[in-house]
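Protein chains: 4
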Amino acid sequence: MNSIYLRVSYADTDQMGMVYYANYLAFFEKGRTELLRSIGLEYKTIEERGFYLPVLHAECKYISPAKYDDIITIETKLYEITAASITCSYGVKCDEKLLVTGKTKHSFVNKMLKPVRFPKDIKELMEKNLEEQTI
Amino acid sequence: MNSIYLRVSYADTDQMGMVYYANYLAFFEKGRTELLRSIGLEYKTIEERGFYLPVLHAECKYISPAKYDDIITIETKLYEITAASITCSYGVKCDEKLLVTGKTKHSFVNKMLKPVRFPKDIKELMEKNLEEQTI
Amino acid sequence: MNSIYLRVSYADTDQMGMVYYANYLAFFEKGRTELLRSIGLEYKTIEERGFYLPVLHAECKYISPAKYDDIITIETKLYEITAASITCSYGVKCDEKLLVTGKTKHSFVNKMLKPVRFPKDIKELMEKNLEEQTI
Amino acid sequence: MNSIYLRVSYADTDQMGMVYYANYLAFFEKGRTELLRSIGLEYKTIEERGFYLPVLHAECKYISPAKYDDIITIETKLYEITAASITCSYGVKCDEKLLVTGKTKHSFVNKMLKPVRFPKDIKELMEKNLEEQTI
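Residue numbers (numbering that gives the first Met the number 0), protein chains in the order written: chain A, 0 to 134; chain B, 0 to 134; chain C, 0 to 134; chain D, 0 to 134.
Among these hints, one or two may not hold up.
For chains that are exact copies, the list does not tell them apart, and a pair is met inside one copy or across any two.
Heads up, simulated BS3-like pairs for lysine-lysine below, C-alpha to C-alpha not over 30 Å straight-line [to be verified]:
1. K119 <-> K29
2. K122 <-> K96
3. K66 <-> K122
4. K66 <-> K29
5. K66 <-> K113
6. K60 <-> K119
7. K104 <-> K29
8. K92 <-> K119
9. K92 <-> K127
No wet-lab data here; the hints were simulated from the structure.
Required output: the full structure, derived from the provided sequences and hints.
In structure tokens:
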């Protein structure tokens, strides 16, 4: 699991006085990028090698709202790996309170957006860091 | 079902050259607002009466990417109504091709964000416009 | 001058209950794209020809806030043309009331982001549609 | 002067492969909030006291693009103080290279959005931290 910390900005809020619901997906992206970096996979480098991880499916459960100026934690786990896809799971917290959970599934594709198998080094790093599916 | 048409702007895109995945949730919001308006419920007026429809759950399936300058259609349906929640379903199309589908579930709450029952007039308008759950 | 109409969405607002200040630049982009289209220049086609119009300078004057669900008008003019740049000016209105004004200056560059002269056809279409600088 | 560090995310980019021009204004907001916090003024607390700092004018000069995964620095200064407004100036850098500069001017208003004079404690903290206008 990888944890990052974010300060909620005014830009993130809506007139209900809380984080707009779509913005959690952008928070998930930040969590995902740092999870990959923490296991030795820079997403930027993956793209430079000609591979991409577009999103196939995303879901988000909103339990309690994050507010302006809150410092929130994004906890990201590598949840599942298949032949040509990965799934990450996310927990957004503030002061240990769980606010939002979610998952995103990504296909592994080449420049023509065709699904391809993971190169061996990427596969190995991912499998070594797969979390037990306790949630 | 209500349909709206949007032109994909540069702001919507990311460096993969397609619409960034979180932005479809903002497209869904536009579809939802116009669905409500089309059945006689202005969301702005709902808020002025002291009620809100925060999102409980959102999901999105990405089939094919929308690109810059595409004119996309957002088709929105009222999919399910419970005592204090509604679910909308969405289909995003371009030239009749289905790009993205999704659902959002909303609780019906008061100013203190406490779930409340729908006022009779709102409930009636919603129930009259509930779509058959064929999808 | 070209006019487009937009409905302010929840995504556009912040917790002050008005459109977040950065979002007007995205509104300007929509106005600019439609201005170019209206004079026969599709920005998408310009990019396909290998040219880009990145922003060199942007400014925005905030007179009165746009609110959720407002239908706003973006009026866009081609304000100035130089050898390798154009400037657009913008007025955002709601019910004839001026809310925001702005300008963006764009360089004309090739794929390597090097400034280049306008192709003759683009230059001619732009010059024919340059507005008198009365503002 | 206050400095903050940000990692450019995919959400920030557009299909030109660089940060979308409007997003720098959101970066400026983050810089401004931390500048205020660093001099003892939490913007959240200012709002809780019934005051707001809406933007009157913003401008942005784009020198060189920030790219995906860049770590950028936002340097923010308190540039000018008048009876009921403040101006902040910004410099966005990557590896010491200046990418973007800007300014935002803010009125100081009450809940009815009427301009008001600064409370003495706020005024004093701001004046003590006004930078010399060398830029």
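Consistency of the hints with the structure:
With identical chains, the CA atoms of K119 and K29 are at most 30 Å apart within one copy only, with a shortest distance of 25 Å there and 40 Å across copies. Proximity of K122 and K96 under a CA criterion of 30 Å is satisfied in neither setting, with 33 Å inside one chain copy and 33 Å between copies. Taking the shortest alpha-carbon separations for K66 and K122, only the inter-copy value of 27 Å comes in at or below 30 Å, while the best intra-copy value is 38 Å. Both within a single protomer and between protomers do K66 and K29 lie at most 30 Å apart by alpha-carbon distance, with minima of 18 Å and 15 Å respectively.
Taking the closest pair of Cα atoms, K66 and K113 come within 30 Å of each other only across two copies (17 Å); inside a single copy the shortest separation is 40 Å, beyond that limit. Proximity of K60 to K119 under the C-alpha cut-off of 30 Å is restricted to the inter-copy arrangement: shortest distance 28 Å between copies versus 34 Å within a copy. Proximity of K104 and K29 under a CA criterion of 30 Å is satisfied in both settings, with 15 Å inside one chain copy and 25 Å between copies. When the C-alpha separation of K92 and K119 is checked against a cutoff of 30 Å, the pair qualifies neither within a copy, at 34 Å, nor between copies, at 37 Å.
Taking the shortest alpha-carbon separations for K92 and K127, only the intra-copy value of 26 Å comes in at or below 30 Å, while the best inter-copy value is 36 Å.
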